Amino acid sequence: ACGTRMDDQCVGLLASTCLQLRCLALKCTPVTDAGLMQVAKRCPQLQVLDVSCTKVTDEGITEVALRCPQLQFLDVGYCRVSCAA
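Numbering follows our numbering, with no gaps: position 85 of the sequence shown is 85.
Derived by calculation from the structure, the hints in this document are not laboratory data.
These numbers were taken from a predicted model, which means no experiment stands behind them.
Everything hinted at is true.
Here are the simulated BS3-like pairs of lysine-lysine, each with C-alpha atoms no more than 30 Å apart in a straight line: (1) K55 - K41; (2) K41 - K27; (3) K55 - K27.
Derived Cβ-Cβ restraints for the label pairs, each shown as a range: (4) F73 - C18: 15 to 25 Å; (5) T17 - S82: 25 to 35 Å; (6) D75 - R5: 13 to 23 Å; (7) C83 - T17: 29 to 39 Å.
The beta-carbon is built from N, C-alpha and C at its ideal position, and this holds for glycine as well.
Work the whole structure out from these sequences, hints included.
Structure follows, in structure tokens:
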């Protein structure tokens, strides 16, 4: 059950049921690379992603970059993400 917080389990459920997802705001949620990788694998049409103030790292962002070619906007403010990602 997701409750009121979007954690990795909820994000995975969302990604598995919303395959046409184009915009996702996860700002200030407890989501990690594990949840983000589920989005990357299942939602290739993603265009807008806000993961600012989350625990996402280079690993998750790299997966999104590889699997979501339509991505136009990405906010990773206050995350542990390097310029290499």
